[in-house]
Amino acid sequence: MSARVLVGVKRVIDYAVKIRVKPDRTGVVTDGVKHSMNPFCEIAVEEAVKLKEKKLVKEVVAVSCGPQQVQETIRTALAMGADRGIHVEVSGKDYETLGPLQVSKILAALAKKEQADLIILGKQAIDDDCNQTGQMTAALLDWPQRSPEDGTFASEVNIEADKLKVVREIDGGLETIKINLPAVVTADLRLNTPRYATLPNIMKAKKKKIANVKPADLGVDVSSRLEVLKVDEPPQRQAGVKVETVHDLVGKLKEAGRI
Amino acid sequence: MAALFKARRALGMAVGHGVRCLNQLAELPELHQMMRQTCRDYAQKELAPIAAQLDKDHKFPAKQIQELGGMGVMAVEVPESLGGAGMDYLAYCLAVEELSRGCASTGVIVSVNNSLYLGPILKFGTEEQKKQWITPFTTGKKVGCFALSEPGNGSDAGAASTLAQQEGNEWVLNGTKAWITNCWDASATIIFATTDKSLRHKGISAFLVPMPHPGLSLGKKEDKLGIQASSTANIILEDCRIPLSNMLGERGMGFKIAMQTLDSGRLGIAAQALGIAQAALDCAADYAHKRTAFGALIGKLQFKLADMAFAIESARLLTWRAAMLRDAKKPFTKEAAMAKLGASEAATFVSHQAIQVLGGMGYVTDMPAERHYRDTCITEIYEGTSEIQRLVIANNILKEYQQ
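The listed protein sequences derive, respectively, from chains A and B.
Residue 126 in the UniProt record's numbering sits at position 126 of the first sequence, with consecutive numbering throughout.
Residue 120 in the UniProt record's numbering sits at position 120 of the second sequence, with consecutive numbering throughout.
Any given hint could turn out to be false.
[Said to hold, decoys possible] Heads up, incomplete: computed chain A residues facing chain B, CB under 10 Å, no partners named:
#: 1; residue: A16
#: 2; residue: S36
#: 3; residue: A197
#: 4; residue: T198
#: 5; residue: L199
#: 6; residue: M203
#: 7; residue: A205
#: 8; residue: K206
#: 9; residue: D232
[As the list claims (entries may be wrong)] Keeping only pairs whose Cα atoms sit at most 25 Å apart, straight-line, the calculated PhoX-like set for lysine-lysine is:
#: 10; chain 1: B; residue 1: K131; chain 2: A; residue 2: K204
#: 11; chain 1: B; residue 1: K45; chain 2: A; residue 2: K50
#: 12; chain 1: A; residue 1: K208; chain 2: A; residue 2: K50
#: 13; chain 1: B; residue 1: K45; chain 2: A; residue 2: K34
#: 14; chain 1: A; residue 1: K242; chain 2: A; residue 2: K58
#: 15; chain 1: A; residue 1: K50; chain 2: B; residue 2: K290
#: 16; chain 1: B; residue 1: K256; chain 2: B; residue 2: K141
#: 17; chain 1: B; residue 1: K290; chain 2: A; residue 2: K22
#: 18; chain 1: B; residue 1: K256; chain 2: B; residue 2: K202
#: 19; chain 1: A; residue 1: K105; chain 2: A; residue 2: K204
#: 20; chain 1: A; residue 1: K50; chain 2: A; residue 2: K209
#: 21; chain 1: A; residue 1: K22; chain 2: A; residue 2: K105
#: 22; chain 1: A; residue 1: K18; chain 2: B; residue 2: K45
#: 23; chain 1: A; residue 1: K105; chain 2: A; residue 2: K93
#: 24; chain 1: A; residue 1: K18; chain 2: B; residue 2: K290
#: 25; chain 1: A; residue 1: K204; chain 2: B; residue 2: K329
#: 26; chain 1: B; residue 1: K141; chain 2: A; residue 2: K204
#: 27; chain 1: A; residue 1: K34; chain 2: B; residue 2: K290
#: 28; chain 1: A; residue 1: K113; chain 2: A; residue 2: K50
#: 29; chain 1: A; residue 1: K206; chain 2: B; residue 2: K329
#: 30; chain 1: A; residue 1: K50; chain 2: B; residue 2: K141
These are calculated hints, taken from the structure and not from any lab test.
Even for Gly, the Cβ is constructed at its ideal location relative to N, Cα and C.
Let the sequences and hints guide you as you build the complete structure.
Structure follows, in structure tokens:
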């Protein structure tokens, strides 16, 4: 199989960190905060590496958009088994406003440039929860897009004779879908369990190449059409009230103007 | 002119090397950072949640050891050609610290396999011995152990009374070894026995013995204060016969092999002590963030946390430096002894203070503080007691000042 897979990996604030809003309410605190690869992206990388181990795919290329620090995220993908990386340099204000639309334009351009047969992305990022990049990328390329999860259990992703075969668990049993390559696949939580990088692979990752590219080189304009007006903490949880009877409950709801 | 240029270049390289070393102390190289993060992730997700149960059940974490073997952690320094990860000793120390932060028993199992079993075979074994005794022990499916101590002598390693007599084309071993870590779960051991009693410590030799093996039996598992998931017991040798080719190194080299092995092994233990201490600090600091007394978070009232963090960081830098010296093939005996002494004493101090920070909660099994306290005690004893470390350091200092 000569297929080439492009995997998008996003550097996000680590899931275990307690998020704090910046005092000027323009965003959240990122300085000095622990970052790691978006968990959905880890699953995407794992799926791509598994396809390569099954010899269904020849090369796995990890891509990330952002400042210098995203190279760490690309290296993690390399340590998991990706063959090479592409760092699309976006920094400063452009990075703060970088969103799914610009990223999908970049990925679409890269897919054409690298002649990718398959793009695997995480379903969504845990910082913005957009769940848009996969769909937008597919639309820009006019490729089919599928989430093997789609809210149910995915058993496998396979490549058979130039088609992508996806097996998903549905209520009535197992559903097998074949979609034409090239295609975009978005990975959800239950697709696989990402592997821990082995020490030898971490060493090998150091020698793998990460190419540097600018959005302008790909003909992509990263200016945002969205403007963040303000960012606030969610309202503090108030204590609830216990009521004795249904009658009381209805009364309280009426008081609060809910019914 | 040429001589001056050469001298300047030499100085530049020396300074450059020194600066690189200093940079490594200030911030680890990217490779080591990635490796440390991977081990930390594994320890937090796979070891920390089960550590308390492993301790209660005295259960060897076979599945986790195999997973760690798959990651290359059971044979960090072993070259890739023999099945290892081919990394340096600094990487190994980082791995052991992070794993011990999750589970102290797992940390010592990894450390004993790497430093005390694979280490000497890598250094003193023949090519044939390396293939037979190293490669199968890199995957985590088999672990090894190191049998030096005896019921009659621990610190006084030169007084070994286990005997090895040559009979034809076999060595026959007789005697008892005590306090052997991993022995109930091991598939091979390095036994130190006397081949020439008259030569005293120069008459000790090292032998590779498979387990199980006729003539080798295990005593009952010790019921220890801590590190309960790793097995510790006596190894009893009664006319245990092994081929002549099972001698490791040359006849009479045993004491030297043991001492050099322990020099490195103590860095593994230093790393383990650091990991446990860090876990104890994590526990105490987290508690200090939540508990209030006298109208404020106790975190604000505790200088203890500062003392604990300082103790750990100082010992950690000593450990890293000793590991880097070893990697640069420079003498590191004094620094290794200092690292082990510093780390183990820091660990017992920190874990004790962690219990104090937690107060009553530190005394019960609901919180891990009591387990960390129990686990740290052994770090001051095995692979050279704190008293022996002081002896080693003192001897080295006196030698330095000798005219």
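Give me the numbers of the hints this structure contradicts, sorted from smallest to largest. The structure breaks hints 9, 14, 15, 16, 19, 21; every other hint is satisfied.
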